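Participant: Residue-level listing of the chains:
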Amino acid sequence: MTEKNIRAPEPRVVRLKFIKVGALQYISHLDLQRTMARVLARSRIPVWYTEGFNPHIKLVFAAPLAVGVESVCEFLDIRVTGEIPCGEIVRRLNDELTDELRVVEAYYPDTKFSEIAAADYVYKIKTAGAGEELASKIKKYLTTPPVMVTRKTKSGEQEIDIAKIISRLEVSFSEAEGIVEMSARLPAGSSLSISPELPIDALRAGGLILAGDITEEGYSILRTRLLFADGREFW
Amino acid sequence: MEQKKDIRKISGLLKSVSKPGRYTGGEFGEVIKEKANIKARFALCFPDTYEIGMSNLGIRILYGLLNEQPDIWCERAFAPWVDMEAKLRELSIPLSALESGDPLCEFDIVGFSLQYELCYTNVLNMLSLAGIPLRAADRGEDAPIIIGGGPCTYNPEPLADFFDCFAIGDGEDVTIEFTRLYIEMKESGEYTRSGFLRRAAAAVKGIYVPSLYEVSYNADGTIKEYTPVGADISPRIVRRVVTDLDAAYFPRRLVMPYIETVHDRIMLEVARGCIRGCRFCQAGMVCRPVRERSPELLDRQAQELFYATGYDEISLCSLSVSDYTRLPELTGRLLGWTDDCMVSLSLPSLRVDSFSVELMEKAASVRASALTFAPEAGTQRLRDVINKNVTDEDIENAVRVAFGFGKTSVKLYFMQGLPTETFEDLDGIAEVARGVVREYYHSPARPKGRRPTVTVSVSNFIPKPFTPFQWEAQDSPELLREKQEYLKEKLSDRDIRYQYHDVGISHIEAVLARGDRRLSAALELACREGFHFDAWDEHFNYERWMEVFERTRIDPAFYANREHRYDEVLPWDIIDCGVTKKFLWRERERAYEGKTTPNCRESCQGCGMSRFAGGLCRACGGCE
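In order, the protein sequences belong to chains A and B. Each residue of the first sequence is one higher than the last, beginning at 2 in the working numbering. Each residue of the second sequence is one higher than the last, beginning at 1376 in the working numbering.
A few of these clues could be false.
Said to hold, decoys possible - Far from chain A by the CB rule (all over 12 angstroms, computed), these chain B residues:
(1) Asn-1593
(2) Ser-1669
(3) Arg-1993
Claimed, not checked - Cut-off 25 angstroms, straight-line C-alpha distance, at most; resulting in silico cross-link-like pairs (BS3-like, lysine-lysine):
(4) B:Lys-1580 - B:Lys-1414
(5) A:Lys-165 - A:Lys-125
(6) B:Lys-1384 - A:Lys-21
(7) B:Lys-1394 - A:Lys-21
(8) A:Lys-125 - B:Lys-1394
(9) A:Lys-155 - B:Lys-1384
(10) A:Lys-127 - B:Lys-1379
(11) A:Lys-21 - B:Lys-1863
(12) A:Lys-125 - B:Lys-1408
(13) A:Lys-127 - B:Lys-1414
(14) B:Lys-1390 - A:Lys-21
Note that these hints are calculated values from the structure, not bench results. Predicted, not measured: the structure shown is a model, and the values here were computed from it. Using N, Cα and C, we set each Cβ at its ideal position, and we do this for glycine too.
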């Protein structure tokens, strides 16, 4: 193994942008890591393995996604050891993936995941009383501090004011779908990362949404963009 | 037309349960078909969690095999975990299959894999969650046909009233023939529920339709006789045997679970059957004769599966991997490419008498795996009784090799409550364990300052149908507990970890293993009382089981703790698995004489299996 790695060319980082939607939103980050390692192995893309007692494929993900959240802007850095065009990487990977977990782009990155500061989310909320009035109520509620919610962190629980943290909040009612649509920007950096579930928790606690039958009511969260600190879209 | 299930419809549900990945489907490799082209929809059910069911080799084989047929769509269903079950009941949502999301009651055939007796309550619970009547007799013309297969069908009698039929033996051919007959009768318009079952019983070998037999009982509670309802109905059902494993179907791609499963790796079935004839072991008797796959084919299958899955581990599977005659050749072939592909090889179920330096080098080639050995009994005397032909020396040799490679932990499997067992045999278990610890400290290769971990796992003996011990009484729960306490004291050495099985679970397992049709009353009540996941310690409740038996006037001791007579009609006499009763009894007598029996390769013992003319028996011809 060591012998092989010495012979191998210097591994080159390739960034994959992929989507994780539908059934895949219920797959945890750990499960996704295992899945991606297998997908890379079966796609026969020459990738770099860590050295040591238990060699494994080196994978680095940007801003891990919580279970129950969909995304069209996931990033994964892999290390490729052989000469293989980026387009070929995309093609080979997608042969081994489903529509709900799909690579949209592969490229040589010149940015770092540590530069990610925020994320944009789109919420679709199906709830009793959905309408224009509820939409404006939600907007007012989430923009009038204090709106305290409990945030779970590694070191325990923490009370935060979500109204002060949320930005670019837009709420509307979609007549065609009969749902409330909401978009919001939340911190998603290494120093502070806020779960997109928190605004839902706040609205629930405030009695505005999702108090009824779970077969009738529900919501979806889609991550649409990751952003640099200056607001430009991350890539 | 969209055939796949729309999980958005159940998003509220999925967000409210633990491990939602169990219920979404949508894995890579999942088979979705156009309903319009389908003549039979088959729901392949595993009565335990997704993680366990997706690890089952039989499920992988049947899923691939059935879906290879263009006009059959096979989907999967598993037992929902208790939180999901509560939601389904609360919201009146019927249990559905993963692929289409359609309720099980809309399927043509619902097949259950019956792997262990404690899953019976889950089977009934799944039927109940699907809105399918529990009793076969209560099902209408439109209800699915409920069929069972797997190891438990060697005595399916406790489930006889709930199943329309069982497939006995290797499932590959019988499942297809059965489903084909269903399609044929549906297409010709001849189909009626009872007409189909009767035709299947008569025309498809290995199909057992319990409703076509009447059972009468003697005054002492034992069975008097089984009477077929007609001359076209066979008095015994002969087990199906795939005689040529190289020609048998093997899945070339798999459904790839996203969530972690129990056996999340390539399983390479190197052989079926076992040459050994351990007298407690049901699989060793009912899976005869030994049939091996060729190393060339196995190597090709392993490579195909690696490129289809990306798994980083290959596990060689069979009842006794080290008895595979061409093991060096196979491991040699595999190691020719697995190292380069970063794939590790694991060899489970090793026998101590065949454990060698060479084997160890192969198993350790990429990654070290834990080593387990199964001496089963603590003294040579008792090992001879059970025909486990290994010696203390074999055990010492095996662990010496393991420790020589720098291993520090070894797991040893034993059984307590075996026929003729005394407390001296239990002392022997402690002796063996201490001997292993001594070997460790004598090993020059042991890492400095590290203590060994010798895990001693002791299960309770359960008399199983179609074994030489099928007539034995199981020790009473009180005695089994006393023995556990005794062992706990004996195994207090700090380098030894003692693990034991719940006595209550073993008792119920023994009741169900040798049960007859009268147990259906107890199982039905257990289901109504909400029993589920009885194989899981946290959901098993012995007192409630006793209560169920009392309310249904069933004496569990009659089934578990009574010595059965040789001339008694046994509930599983309706099944012909190949080995003869005469052979089993002869083996029982040899057990009591402390005589061992040579394995099938050393000399043929005339067990009756040669009539299948497959595998080892094709070469032998030693039977009468």
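Participant: Hint by hint, note whether the structure agrees.
Facilitator: Here's how the hints hold up against the structure:
no., hint, in the structure
1, Asn-1593, "holds, 53 angstroms"
2, Ser-1669, "holds, 25 angstroms"
3, Arg-1993, "holds, 37 angstroms"
4, B:Lys-1580 - B:Lys-1414, "holds, 22 angstroms"
5, A:Lys-165 - A:Lys-125, "holds, 22 angstroms"
6, B:Lys-1384 - A:Lys-21, "holds, 18 angstroms"
7, B:Lys-1394 - A:Lys-21, "holds, 17 angstroms"
8, A:Lys-125 - B:Lys-1394, "holds, 23 angstroms"
9, A:Lys-155 - B:Lys-1384, "violated, 33 angstroms"
10, A:Lys-127 - B:Lys-1379, "holds, 22 angstroms"
11, A:Lys-21 - B:Lys-1863, "violated, 51 angstroms"
12, A:Lys-125 - B:Lys-1408, "violated, 30 angstroms"
13, A:Lys-127 - B:Lys-1414, "violated, 38 angstroms"
14, B:Lys-1390 - A:Lys-21, "holds, 16 angstroms"
Comparing the model with each earlier hint shows violations of hints 9, 11, 12 and 13; every other hint is respected.
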